[in-house]
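Novice: Next come the chains, spelled out residue by residue.
There are 4 protein chains.
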Amino acid sequence: MRQKIGILGATGMVGQRFIQLLEHHPWFEVAWLAASDRSSGKKYGDAVKWKLGTELPERIAKMPVSPAVPDDAPKVIFAALDADIAREMEPAFAAAGCAVISNSSAFRMHENVPLVIPEVNADHLPILENQTWRKESSGYIVTNPNCSAIGLVLVLKPLVERFGIDSIFVSTMQAVSGAGYPGVAAMDILGNVVPYVKNEEEKMEAETLRLLGARDGKIVNPLPAKMSAHCNRVAVEDGHTESVSVKLSRKASRQEILDAWRDFTPLAGRDLPTAPAQPIEFTPLEDRPQPRLDKMRGGGMAATVGRLRPCGLLDWKFTVLSHNTIRGAAGATLLNAELLVSLGKLEAGKPEATKPDPVAVPA
Amino acid sequence: MRQKIGILGATGMVGQRFIQLLEHHPWFEVAWLAASDRSSGKKYGDAVKWKLGTELPERIAKMPVSPAVPDDAPKVIFAALDADIAREMEPAFAAAGCAVISNSSAFRMHENVPLVIPEVNADHLPILENQTWRKESSGYIVTNPNCSAIGLVLVLKPLVERFGIDSIFVSTMQAVSGAGYPGVAAMDILGNVVPYVKNEEEKMEAETLRLLGARDGKIVNPLPAKMSAHCNRVAVEDGHTESVSVKLSRKASRQEILDAWRDFTPLAGRDLPTAPAQPIEFTPLEDRPQPRLDKMRGGGMAATVGRLRPCGLLDWKFTVLSHNTIRGAAGATLLNAELLVSLGKLEAGKPEATKPDPVAVPA
Amino acid sequence: MRQKIGILGATGMVGQRFIQLLEHHPWFEVAWLAASDRSSGKKYGDAVKWKLGTELPERIAKMPVSPAVPDDAPKVIFAALDADIAREMEPAFAAAGCAVISNSSAFRMHENVPLVIPEVNADHLPILENQTWRKESSGYIVTNPNCSAIGLVLVLKPLVERFGIDSIFVSTMQAVSGAGYPGVAAMDILGNVVPYVKNEEEKMEAETLRLLGARDGKIVNPLPAKMSAHCNRVAVEDGHTESVSVKLSRKASRQEILDAWRDFTPLAGRDLPTAPAQPIEFTPLEDRPQPRLDKMRGGGMAATVGRLRPCGLLDWKFTVLSHNTIRGAAGATLLNAELLVSLGKLEAGKPEATKPDPVAVPA
Amino acid sequence: MRQKIGILGATGMVGQRFIQLLEHHPWFEVAWLAASDRSSGKKYGDAVKWKLGTELPERIAKMPVSPAVPDDAPKVIFAALDADIAREMEPAFAAAGCAVISNSSAFRMHENVPLVIPEVNADHLPILENQTWRKESSGYIVTNPNCSAIGLVLVLKPLVERFGIDSIFVSTMQAVSGAGYPGVAAMDILGNVVPYVKNEEEKMEAETLRLLGARDGKIVNPLPAKMSAHCNRVAVEDGHTESVSVKLSRKASRQEILDAWRDFTPLAGRDLPTAPAQPIEFTPLEDRPQPRLDKMRGGGMAATVGRLRPCGLLDWKFTVLSHNTIRGAAGATLLNAELLVSLGKLEAGKPEATKPDPVAVPA
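Chains as they are written, first to last, in this note's numbering: chain A, 13 to 375; chain B, 13 to 375; chain C, 13 to 375; chain D, 13 to 375.
Each hint should be verified, as a subset may be incorrect.
[To be verified] Here are the simulated EDC-like pairs of lysine to aspartate or glutamate, each with C-alpha atoms no more than 16 angstroms apart in a straight line:
id, chain 1, residue 1, chain 2, residue 2
1, C, K61, B, D299
2, B, K238, B, D178
3, B, K210, A, D299
4, B, K16, B, E67
Calculated from the structure, these hints are not laboratory results.
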């Protein structure tokens, strides 16, 4: 018996990835699909412009697209909405008692909404108990970060744990799929670079420091580090590449850093279906990672890091790559849902049934 | 009567740009073309695989490709050779009394070889008098920097002059034409990023600091700043885009920086044919500069800068763009030659005829 | 004194090309710009998202965008509107006495509207005298063909004249700029081919046969040939490439075909500023024409043809390339306007002033 | 016990695909790897520049690269060599008693060498008994076609069977991976089309007609149809797209053609591991097939066809897509090997052991 889940924003790029990733999922079953009014009432196969290189599953193609209201929706909702829409709709579902596992930016920085990467800060989850919805209907919202932040944070987390981090410099080369569909115009990106992604630098900086921060009771304090992000769009379909420099709080050798990355397996033993065995993969090749060759490592859920070398300005520099619509979006949401299951928190309607020790999450 | 010049490496990408830029040049006339033994003896039109979007001039197509020896070569040589070949060949031409204006990296960091951008450090030129060839045959070598350094240095120079610079961070997104032809394989770059360009970070860091350094008599001291470069290759035909952060020695406002860039016209009044009126163009548009739209500013000789904004780590950050095979290669060499003409130093065979005050170059 | 012209659809891709091509035009001066209600009232520089690699002229940037009504518009209008809008708006301008030189498909196949390429079928122009507007207000509409038809028709015309054509096969690889802005989504075309351009095959077939047809009094009869077009979109910014096979009515040798193309200079002596000296350029190189290298031949107004070789099915096959937004759109409209000037037909308000012999147009 | 196989040309693009496709193969095990002298003696992981988006299997990475001589090679060889090298090397292996299953063009048109697609012309296999090597050492050569021919032939075969084909027109848009590595230069294909692939049109035409031809005893007669191919290279990583028109020998309705494609499952019941259940997949979507979205259908082994519509010149036109390095190269060779196993012909050393009825192959 798999848990029935619903998808808000099912026809968009991230919604499509949800369907792809859930096709053979052992714990979850897509039972309800909602999209904009324009699609509502159609069969999903007629409403969607399917853009993935695997086929749309026939069962899903025949499902109706429901109106985006909680009435008949399952109690577990995967949300892939634009921020403006999410700002109104996600609270409505949470108020109706749903666990809203969201990829939207709308509530990521809200003080009571956990912004979580399971390997990084599962111990931030308890702040969801502060949410009014949680108290009233047992519903809640949990979010995952922006596609540009997630690979970076995975790679930085073990450095924060072992050495501390004072300063972070990152310059991104982001794939077009991060902008949804139709998103970036071909005229803008063919043979070109666009050195601007709206609001991205602000989000990337704030989310990174929050994710790497520490929970103090009901509050999350961001990591007290300095950070600067340059965000660029390049002519790549999938996979965000990032040039990173860091200053550590205490000096570390190359080998110590490699060890920190290799040893970083905080979810080991939890058996989450979507969690990669090795969330950070280091490549020793001088010209890697590359989006075309490395984005699918760990089923698209691993961050690949390479080119570790001394930095003339900070301490070390390296290149990070992760798949922006799997690890950076749909897979992130899905992994959050799996974590919540393993913590007994996903049956949103029965908070009393959660496992007894909500703070004993991996940290 | 235009000065006759010869081109070493005439069939390569930079050699082709020389021919394109010199087609209607008021001061110089292509009189001699040399390339590898494979091409020697053929007509240029048969030896070259012309890769530019303007047509190969008919006069040039009919010219013979000469052996790469100084015997019948003009006394002014534009050189576009691979470093390994340049290391042997350029000294041979200098020893034979030629002024070798070179785009190669072979001698850029040699203590007696000027590495020059006319707008930036024309006052470094006098160190060429230290060259043995200069003394013996009156020949010499002058070089221009790497394509990734040149736009950056143009944009930094007025900041160094007005405020001083302590730290420089740069992450590049470089066009494929920078690697020559055939250069980058399509399989490596289509829909991809390669976070590595061989030796590029080292060259970019060393050349930038040297170009921004000060001449002390016969010696150039590099700028005493810290610098870190990340070099990446992207799927762009022409135009290097760079994400830059700087720490200034004294604080400057946004307006002061814009003023410094706007006022930077060190070649004003010299009437060099290839010099752009405004070597640094600032764009106020939030998503610019972009290679496809901005690379041809100033005839491909201007650096475009945009997105000036505070940096969370250093003081300011911005994006720089310049055309890598015009300003970053062939146009750089040509502008050096024009500067040497205006200083009376190009008639290599007659050093006594140079204008009296070699140190009174623009600074 | 240059003729004042107005532009309908001035902010779109073709509108921008009009502005670029007219910047230094000896006969025409941009005096009025109109666009959608959203832009109306703004300065053009604020209303447009300029997408060309040359700078927006300052004079134009400061011009106001007018409402798209004929009240204060000049009597000569260059129109670059979507077909749906053109269908309503162009007649309004023609009825108000304007000469509407249009790039839209709305009226191309109307029996009284000339669909013209100056080198090909200037003798179709007299059918404009059938237009009701012409009779009532002296206004009229003249159109140019689709971007995919124009290069093909140029190359076929001399073959029709000398040998006759029975059958035409063409498969296109069309640039993204042909779809306007934002047009094609990056997600759809990066590393991809889309074997479909809406309505394109139908337009290309019908327009080609009409353009190559003969005027019989007031009527144009299409060329009685068979034709089949496959239209594909590829990841190219500008320049449509077409694989073409033809069956001639009488056999021709390779040399006869080359001669026909070389001799095709029907506008020689007219001194139209935008007309290329050689409208068809043949390239003997085995791997040309290519959009990146050949699209700008003749200032973007020449069609390049290459790879002439026997066809296993019809008689001959070859590859055709032309610039889709210059020769295929804005330049086509402009050249039609220049032709109308040279025929004395452009002063739409004064039909009595046209030169005496309107049928003596080049044929 | 899996059959041990060797790979000739193991470090090239097709060699890498062999390794990828064979990683979990139920019948074959990679036991020997050979490449050029430059690689010989190294570990495969050190010799190869791995260019696929899945990881190089560790077992293979550690295997040594052997000299390309038959001494210690297994008796079943998958060959992925350049034609010039294949011309010398494949006969040496066949003479040494090996079954050489080859992707090279060297012997495809040899009268005694079967050129085979299992679904199309398995009944051509018996001509291998004519090979001298077969008689002397029991070794032989079997080949698969060029990557551009294979998808086309799959789609045409059921039309030939049911309706006959008189004329074939095809215009290709081929991916860069078809040219190997480094193959196409980025400078040549970014934002560009190259309307030329060396020798491709000749190969495509000759191979298509041979594959669709009939065996008469020991001889294969090509299909007596007229054919014309235009071959173009586009900026696509993997997947050849082809615009096709055909004239049938007897008229067929749209539904009859769709039925022919749907019913085409000639390998049903053979259980070949790499054979797709449906070798031809028809897509009803108006803008498909597309390489990015459809190349992996049937695990990269299905041809996708779409846009079936009447042709103004021949009878019907449509678009075909197939993966050029899976179905078009490594997968084709592998499927040939699987067919040979199922026919009892792969144990090259024991011709007496082959199943009794060599002509009873599927047709």
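Novice: Compare the structure with each hint and give your call.
Specialist: Now for the hints, and whether the structure bears them out:
1. Taken as a hint, the K61(C) and D299(B) pair is honoured in the structure, with Cα atoms around 11 angstroms apart against an allowance of 16 angstroms.
2. Between K238(B) and D178(B) the alpha-carbon distance is near 6 angstroms, which keeps this suggested pair within the 16 angstroms criterion.
3. Between the alpha carbons of K210(B) and D299(A) the distance comes to roughly 9 angstroms, so the proposed pair stays at or under 16 angstroms and holds.
4. At roughly 22 angstroms between alpha-carbon atoms, K16(B) and E67(B) are farther apart than 16 angstroms, so this suggested pair is violated.
Violated hint: 4 only; the structure is consistent with all others.
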